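Using the sequences and the hints given, assemble the complete structure.
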Amino acid sequence: MKAPIKLNSITIRLILLSVSIILFSSFTQFSILTAYLRKDITKSTSIQLLTIANYVASNIDRDIIQRRELLKNIAKQFPQSLLHNEKELQKWLGDRHEINPLFSQGIAVINLSGTILGCYPQLASRVSISFKDRDYFQKAIKGEYAMGSPVLGRLSKVPILPMAEPLFDSNGKVCAVIVGVSSLRSSNFMEALYVTRIGKTGGLVVVSPKDKLVISASDMDMILKPTPAEGVHPQHDRAMKGFRGVGIDVNAGGVEELAAIASIPSTGWFLVARMTTKEVFEPIGSLRIFIIKSMVILIPVFCILMVIGLRYQLSPLRKAAQYAEKMSQGAIPFESLPLVRDDEVGHLTSAFNGVLSNLLESRAEISRLAITDKLTGLFNRLKIDEVLQREILKSQRYNSKLSIILADIDNFKCINDTYGHLTGDKILVDVAKIISSRTRKTDLIGRWGGEEFIAICLETDIDNAVSIAEEIRTKIESYTFDIGNSVTLSIGVSTYKFMDSIDTLIARADSALYDAKRSGKNKVMIC
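Under the working numbering, think of the first position of the sequence shown as 1, with each following residue one higher.
Any given hint could turn out to be false.
[Unchecked claim] Here are the simulated DSS-like cross-link-like pairs (lysine-lysine), alpha carbons at most 30 Å apart as the crow flies: (1) 241 <-> 383; (2) 374 <-> 39; (3) 200 <-> 293; (4) 521 <-> 497; (5) 383 <-> 394; (6) 39 <-> 87; (7) 43 <-> 91; (8) 426 <-> 383; (9) 497 <-> 401; (10) 426 <-> 39; (11) 475 <-> 413; (12) 76 <-> 132; (13) 39 <-> 91; (14) 426 <-> 413; (15) 173 <-> 139.
[Said to hold, decoys possible] Distance ranges between label pairs, derived from CB positions: (16) 26 <-> 507: 42 to 52 Å; (17) 284 <-> 129: 48 to 58 Å; (18) 383 <-> 26: 33 to 43 Å; (19) 245 <-> 282: 22 to 32 Å.
Treat the hints as calculated values from the structure; they're not laboratory data.
Treat the numbers as computed from the prediction; the structure is a model and nothing was measured.
C-beta atoms are modelled at their ideal positions from N, C-alpha and C, and glycine is treated no differently.
So this is what it looks like as structure tokens:
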């Protein structure tokens with residue numbers, strides 16, 4: 001017959017202790033997990049937003065460049081005789097538009113007084129319209145390509161983007177201007193802006209800092225609206241001044257949002273991919289509800305299983321206590337207590353240690369991968385930034401010497417295009433090995449970018465850093481790669497100066513690197 005469970009029994013106390021520990025650790029871990037998840041979700045979402053922003057920005061940049069090139073090609077092919085033959089001019093423009101209809105609102109030829117000579121499609125009210133006051137027209141008649149400010153079309157009444165290219169006569173003088181007009185909402189222009197949605201509430205916005213104007217947006221109500229006044233939206237203010245990247249800020253509507261900002265180089269515009277933080281962190285709220293529901297169900301089940309399990313596990317102790325009690329009462333002779341069982345604690349400890357060992361190995365591997373470039377095996381930018389920050393603080397405090405070497409493989413794009421990316425990857429690996437072999441054990445080597453490498457030289461002045469860089473450059477120049485010995489490096493070197501930051505130290509090395517590029521490549525320059 002099983003003994004009843006008493007309220008002061010070890011079984012009850014262990015169950016209550018276990019439940020208390022579970023509740024405390026669960027809430028503690030959830031608090032820590034929430035903070036970690038916010039950080040991790042912010043990081044992963046930032047990467048995704050920046051990827052989307054760069055992708056859409058590159059598509060828009062491509063659309064702009066395609067239209068610019070098309071307009072230039074049309075201008076080159078334009079027969080001067082058509083300036084005096086409206087019917088033939090319209091037909092000629094129509095043929096070009098049908099072949100490549102990039103300008104959804106049409107193409108027009110305008111004389112120097114701002115009047116349309118001919119256009120396609122034909123505009124019934126064009127006679128009364130003058131383009132003399134348009135910025136793009138004034139620039140084009142001076143002999144330059146011009147992209148106008150986005151405006152509401154006077155005829156189409158939709159947001160448009162005009163582009164203008166001068167037409168030259170046989171004497172090289174501007175005789176007319178050809179203008180192509182695209183609707184900002186056409187299917188073949190900025191299409192990615194309208195089809196790319198970010199979550200439930202997120203969207204995309206294109207802004208012209210020069211015009212202080214919202215060019216286009218996923219939210220149609222924002223198109224051609226002025227940008228927020230300075231001071232209303234701090235991150236927007238930073239973007240207007242050139243900031244590109246990701247950050248969290250409260251927008252002009254008072255809503256906190258995560259936004260990624262990317263440049264559209266051909267226009268001077270920038271694109272913002274944005275998403276409210278409420279939506280970003282929505283999975284954390286769902287996880288909280290799930291954990292609470294799970295605990296409500298699992299704790300009673302746990303208590304039942306604890307009762308059953310502890311009664312079974314503690315039964316040998318009860319039997320041993322019964323034997324001892326009987327011996328103390330004289331019911332049985334004194335003798336060794338029965339060996340309850342060969343305890344499994346030793347085996348469990350060994351098994352736990354095996355699991356822990358595997359876990360530590362996995363953690364070490366994850367930590368290594370987190371700071372290592374997968375292709376070359378060198379440290380990645382995350383680790384480089386960490387070391388640079390630490391060493392700069394050390395240099396500031398102890399006045400120790402610190403130099404960096406920034407190296408870039410010359411003409412690497414041509415290598416990839418000519419020999420393929422697998423060969424390019426092999427060259428990156430070989431270059432990484434050579435750089436590692438030509439630096440000291442105290443130096444830290446990393447992959448800075450696509451084909452860029454960085455060496456952090458501790459306790460090294462500029463002269464010694466240049467010597468190391470020159471040795472690396474010479475070795476690369478003389479090394480026989482799979483494509484021969486045509487691989488070279490351009491290298492920039494900088495050394496720590498008082499009150500330098502990571503950005504200023506890197507910027508000088510980068511400037512020296514580009515000086516080396518501009519002066520013929522395969523050189524070491526300092527800044």
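Is residue 497 close enough to residue 401, meaning Cα to Cα at most 30 Å?
holds, 9 Å
Given the proposed pairing of residue 475 with residue 413, does the C-alpha separation stay at or below 30 Å?
holds, 21 Å
Taken at face value, is the distance from the CA of residue 91 to the CA of residue 39 at most 30 Å?
Given pair residue 39, residue 91 is violated - Cα atoms ~60 Å apart, limit 30 Å.
Taking only the CA atoms, is the gap from residue 43 to residue 91 under or equal to 30 Å?
The hint is violated at about 55 Å.
Hey, residue 241 versus residue 383, does the alpha-carbon distance stay inside 30 Å?
At roughly 29 Å apart (the allowed maximum being 30 Å), residue 383 and residue 241 satisfy the hint.
Are the Cα positions of residue 200 and residue 293 separated by 30 Å at most?
Roughly 26 Å between the alpha carbons, so the hint for residue 200 and residue 293 holds.
Residue 245 and residue 282, beta-carbon distance inside 22 to 32 Å?
For residue 282 against residue 245, whose Cβ atoms are near 24 Å apart, the range 22 to 32 Å holds.
Between residue 426 and residue 383, is the straight-line Cα distance small enough, at 30 Å or below?
holds, 23 Å
Agreement of residue 521 and residue 497 with the hint, judged by alpha carbon distance not exceeding 30 Å:
Holds, because 26 Å separates the two Cα atoms, which is no more than 30 Å.
Between the alpha carbons of residue 173 and residue 139, is the straight-line distance 30 Å or under?
holds, 14 Å
Would the pair residue 374 and residue 39 pass a check requiring their Cα atoms to be no farther apart than 30 Å?
Within the cut-off at roughly 24 Å; holds.
May I ask you to test the hint 48 to 58 Å on the CB atoms belonging to residue 284 and residue 129?
holds, 57 Å
Checked against the numbered hints listed earlier, the structure breaks hints 6, 7, 10, 13; every other hint is satisfied.
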